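Undergrad: In order, the protein sequences belong to chains A and B. Taken in order, the first sequence gives residues 1 to 193; the numbers are from my numbering. Taken in order, the second sequence gives residues 1001 to 1193; the numbers are from my numbering.
Think of the hints as simulated: they come from the structure by calculation, not from any bench. From a predicted model like this one, the values you see are computed outputs, not experimental measurements. There could be a bad hint or two in this list.
Under 8 Å between C-beta atoms, here's a sample of chain A residues computed to sit facing chain B [stated by the list, open to error]:
no.: 1; residue: I13
no.: 2; residue: I50
no.: 3; residue: Q75
no.: 4; residue: T83
no.: 5; residue: S86
no.: 6; residue: A121
no.: 7; residue: G144
no.: 8; residue: I150
no.: 9; residue: N152
no.: 10; residue: G156
no.: 11; residue: N157
no.: 12; residue: C165
no.: 13; residue: N174
no.: 14; residue: S179
no.: 15; residue: A180
Computed, partial: chain B to chain A, Cβ under 10 Å [unchecked claim]:
no.: 16; residue: G1087
no.: 17; residue: V1094
no.: 18; residue: S1095
no.: 19; residue: A1099
no.: 20; residue: H1139
Beta carbons: idealized from backbone N, C-alpha and C, even for Gly.
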Amino acid sequence: MSPYSITQLNDDIKADLAAYQAFAAHYSPSRRSWLKTASSLLMPSLIACIFYRLSHFLYCHRLKPLAVLAARINQSFTGVSITPASLIGGGLYIPHPGTGIVFQGIAGESLRLYAGAAVYAGLTPLTGADTANTPTIGHRVSLGAKTQVIGNVTVGNDVTAGFNCIISTDVPNNSKLISAHVRNQKEPIVSVD
Amino acid sequence: MKHQSINFKESMRRFSIDRRRLLVIMRNRQLLTGPLIWPPGLTPVFLYRLSRFCYERQWGIAARLIWQFNLFVTGADISPISDIGEGFVIIHPVSVTVAGSAGQNFTVEGLGGLGGGISLEDIGAGPGLPLLGDNITLHRGAMVLGAVTLGDNVVVGPGCTVTQCLPANTQTRPQKFRSRLLQETTATSTPVK
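Produce the entire structure from the sequences given, and follow the hints as far as they go.
TA: Here's what the structure looks like:
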């Protein structure tokens, strides 16, 4: 019994396609057809997901060099670097690939990675010391543009992180994170020096 | 601007030190690199060393072509006017901009880098470009802008933008995000303040 069977691969890719189509329906609300489904497979945000699933499938079947090759093709073709060892549940949605998205860790279902979001290991006490502790992310998490999740932290379910949040501590369930640089209009503007 | 002529052997010696340092960092972070796999952060550094060699020989067109090829292939914009010592490491090369001078063991994580500000004051690295010391780490999203000097062993934290001179052995850290718990009953009815 292999840890990641080919039916699971198929289900995950179908979930990714469904997540993509649910978002694309907001922008082009025309009738769903087989031609539209087939052409959405050419979108880079889906190509990135499919290449990651393939590389993870190869990694679980002890074909490490081929898995690394698939991840590198993904990186050079779409700009999304997801390590083959990382575990992501179905329904991954990457709206803007090509902006340096990095993923290394464990995540649940229906993860959303916006432009430049990064989940990676190391550099936890901000001293420059590299560690291999990777983050763990729950279900239905959305990481906004340039948001980073660094080091050995746990992010709960249903978390929405906005622009430029640097997460290096644990985050509870159902929380909404706002960057420190974003201020209300009523508050006095603090000069950033 | 005076040109210190570096021969081809010297630039390749610097590149071998870069390569060794990058492989150590990738092994510490458990990023997969096989013997046949060229790590993704190595291509921009190699092409930068070539274009810098051409620039110092005053082969301007060749330097410019290699620089543009580097930008096209890897997404890292490393200008040949920047003078960087041995041990230069880029981990995730997408949208890295380096224009300025740095000493030995300069690390760029990704999504940021050095660049020019508004003024055109020249402090030794070119008009309006920053001048860095040895052992400097720029985390992901960190930028150093304008004609500023950074001392040795400076760590610029993730998402920070530096527009002032920093003394040696200092760290900058990002501000912590603000967090709000979304309750199920009030999540849709009341707007987030």
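Undergrad: Confirm or reject each hint.
TA: Status of each hint after checking the structure:
1. Evaluation of the A:I13 hint against chain B yields a violated restraint, the C-beta minimum of about 22 Å exceeding 8 Å.
2. Taking 8 Å as the C-beta contact cut-off toward chain B, the hint placing A:I50 at the interface is violated, the least distance being around 19 Å.
3. Interface hint at A:Q75: satisfied, since its Cβ lies 6 Å from the closest Cβ of chain B, which is below the 8 Å cut-off.
4. For A:T83, the suggested interface contact is upheld, since its CB lies about 6 Å from the closest CB of chain B, less than 8 Å.
5. Contact between A:S86 and chain B, as hinted, is not supported at the beta carbon level, the nearest pair being about 11 Å apart and thus beyond 8 Å.
6. Of the supplied interface hints, the one on A:A121 holds, with its beta-carbon coming within about 5 Å of a beta-carbon of chain B, less than 8 Å.
7. With a least beta-carbon distance of about 10 Å to chain B, the hint placing A:G144 at the interface is violated under the 8 Å criterion.
8. For A:I150, the shortest C-beta to C-beta distance to chain B is roughly 7 Å, which falls under 8 Å, so the interface hint holds.
9. The beta carbon of A:N152 is not positioned within 8 Å of any beta carbon in chain B (closest approach about 13 Å), and the interface hint is therefore violated.
10. For the restraint placing A:G156 at the interface with chain B, the shortest Cβ-Cβ distance is roughly 10 Å, beyond the 8 Å limit, so the hint is violated.
11. Taking 8 Å as the C-beta cut-off, the interface hint given for A:N157 is violated, the closest approach to chain B being about 11 Å.
12. Taken as an interface hint, A:C165 checks out: its beta carbon lies about 4 Å from the nearest beta carbon of chain B, inside 8 Å.
13. Taking 8 Å as the C-beta cut-off, the interface hint given for A:N174 holds, the closest approach to chain B being about 5 Å.
14. Against a cut-off of 8 Å between C-beta atoms, the interface hint on A:S179 holds, since the closest Cβ of chain B lies about 6 Å away.
15. Among the interface hints, the one on A:A180 holds; its C-beta lies about 3 Å from the nearest C-beta in chain B, closer than the 8 Å criterion.
16. Interface hint at B:G1087: violated, since its Cβ lies 13 Å from the closest Cβ of chain A, which is beyond the 10 Å cut-off.
17. With a cut of 10 Å, the hint placing B:V1094 at the interface with chain A holds, because the nearest CB-to-CB distance is about 3 Å.
18. Interface restraint check: B:S1095 against chain A, minimum CB-CB distance 5 Å, threshold 10 Å, status holds.
19. Below 10 Å, beta-carbon pairs count as interface contacts, and B:A1099 has none with chain A, the closest being about 18 Å; its hint is therefore violated.
20. Among the interface hints, the one on B:H1139 holds; its C-beta lies about 6 Å from the nearest C-beta in chain A, closer than the 10 Å criterion.
In summary, the structure is inconsistent with hints 1, 2, 5, 7, 9, 10, 11, 16, 19 from the numbered list given earlier, while agreeing with the others.
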